[in-house]
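For what it's worth, my numbering labels the leading residue of the sequence shown as 434, then goes sequentially.
By construction, these hints were calculated from the structure, which means they are not laboratory data.
On a predicted model such as this, the values are computed, not experimentally measured, just so you know.
Note that beta-carbon positions come from the ideal geometry of N, C-alpha and C, so glycine has one too.
Warning: the hint list may mix true and false statements.
[Unchecked claim] Derived CB-CB ranges, DEER-like:
| hint | residue 1 | residue 2 | range |
| --- | --- | --- | --- |
| 1 | Ala587 | Arg693 | 24 to 32 Å |
| 2 | Gln655 | Ile622 | 50 to 58 Å |
| 3 | Asp453 | Tyr723 | 50 to 58 Å |
| 4 | Gln638 | Ala587 | 22 to 30 Å |
| 5 | Pro555 | Asn653 | 19 to 27 Å |
| 6 | Arg636 | Lys510 | 47 to 55 Å |
[To be verified] Derived pair list, reagent style BS3-like, types lysine-lysine, alpha-carbon separation capped at 25 Å:
| hint | residue 1 | residue 2 |
| --- | --- | --- |
| 7 | Lys590 | Lys616 |
| 8 | Lys616 | Lys676 |
| 9 | Lys514 | Lys500 |
| 10 | Lys680 | Lys616 |
| 11 | Lys590 | Lys624 |
| 12 | Lys500 | Lys590 |
| 13 | Lys590 | Lys680 |
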Amino acid sequence: MPWIQLTLSSSEEHAPQVGDMLMANGAQAVTYRDAADTPIFEPPLGKVLLWKQTLVTGLFDASLDMKPVVANLEKAKVLSKPLQYKLDGLEDKDWELEWMDNFHPIQFGDRLWICPTWRDIPDPNAVNILLDPGMAFGTGTHPTTAMCLEWLDANVKGGEQVVDFGCGSGILGIAALKLGSAKAMGIDIDKQALLSTQENAERNQVADQFDVFLPEQHPNAQADLVLANVLAGPLRELSDIIKGFVKPGGRLVLSGILERQAQSVMDAYAPEIEFETPTQQEEWVMLAGYRAE
């Protein structure tokens, strides 16, 4: 059925209250968006952060008379006077199909393709990973993941022991295994991510090569290749732990880093890791280096 969107601007402090008011007035769903351009890259675990200026949008049945809704909102002390709002019609669509249409097979490097399960595989002779967008981060569409996948396509020679630190969907560990690595260990603080990694590993027939652990459960091990596509803060804070997984002569790939953060991350891994020239896509940087033997 068709819908109407009612959007209001609110402060960070009052945005949840505005969302509750929209729901109380018949909204079927509420979303929050940035009203300016202030990205939130890394909210604390278990906490939902909003922006200083937040757009709060309620989704209403198009048959609902919006005049009483607006009149009720005009009485709210936390909203501006006179009330500033925007009403937009939203056409009726099969939103699941609309969402699925946005995802297509993507090639990374010469050999590697990431393919949604509902799409035909473009090249049956390539290294194909079946992966659907889901709850866990990592489908290859973001520059941080794309740079890692391209690096793996160019650098995995075969037989490597791999650690995927902050494995998310498992995409990097699975890619390494499909490209010829022997064994992978995935580590993540999120149990949902570990389940996602296991499911994706089974879908790609590498589950017997991919073991997953919570941080407090993983065995002590060193690997030929350590991958950590997280964010700059955790990469710096956990540098000693991450470095500990890299065996002498092993390689380390770090991603999830903004250009302005690259030097501070490299400093956190010095002098044990010697980095090559950073790779960059848009404002994001990937660092690849060796541990001295």
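Verification of the hints:
Between Ala587 and Arg693 the C-beta distance comes to about 26 Å, which sits within the given range of 24 to 32 Å. Between Gln655 and Ile622 the C-beta distance comes to about 21 Å, which lies outside the given range of 50 to 58 Å. Against the hinted window of 50 to 58 Å, the Cβ-Cβ separation of Asp453 and Tyr723 comes to about 53 Å, which satisfies the hint. Checking the proposed 22 to 30 Å range against Gln638 and Ala587 shows it holds: the Cβ atoms sit about 23 Å from each other.
At roughly 41 Å, the beta carbons of Pro555 and Asn653 sit outside the given window of 19 to 27 Å. About 52 Å separates the C-beta atoms of Arg636 and Lys510, a value consistent with the hinted range of 47 to 55 Å. A distance of roughly 13 Å separates the Cα atoms of Lys590 and Lys616; the hinted pair therefore holds under the 25 Å criterion. Distance restraint check for Lys616 and Lys676: the Cα-Cα separation of roughly 19 Å lies within the 25 Å cut-off, and the hinted pair is therefore satisfied.
A hinted pair counts as satisfied when its Cα atoms are at most 25 Å apart, and Lys514 with Lys500 qualifies at roughly 17 Å. Proximity of Lys680 to Lys616 is assessed by CA-CA distance (about 15 Å); at most 25 Å being required, the pair is judged to hold. The straight-line distance between the Cα atoms of Lys590 and Lys624 is roughly 31 Å, outside the 25 Å bound, and the hint therefore fails. As the CA atoms of Lys500 and Lys590 are separated by approximately 65 Å, the hinted pair breaks the 25 Å bound.
As the CA atoms of Lys590 and Lys680 are separated by approximately 17 Å, the hinted pair is consistent with the 25 Å bound.
Hints 2, 5, 11, 12 from the list above are not met by this structure, while the remaining hints are.
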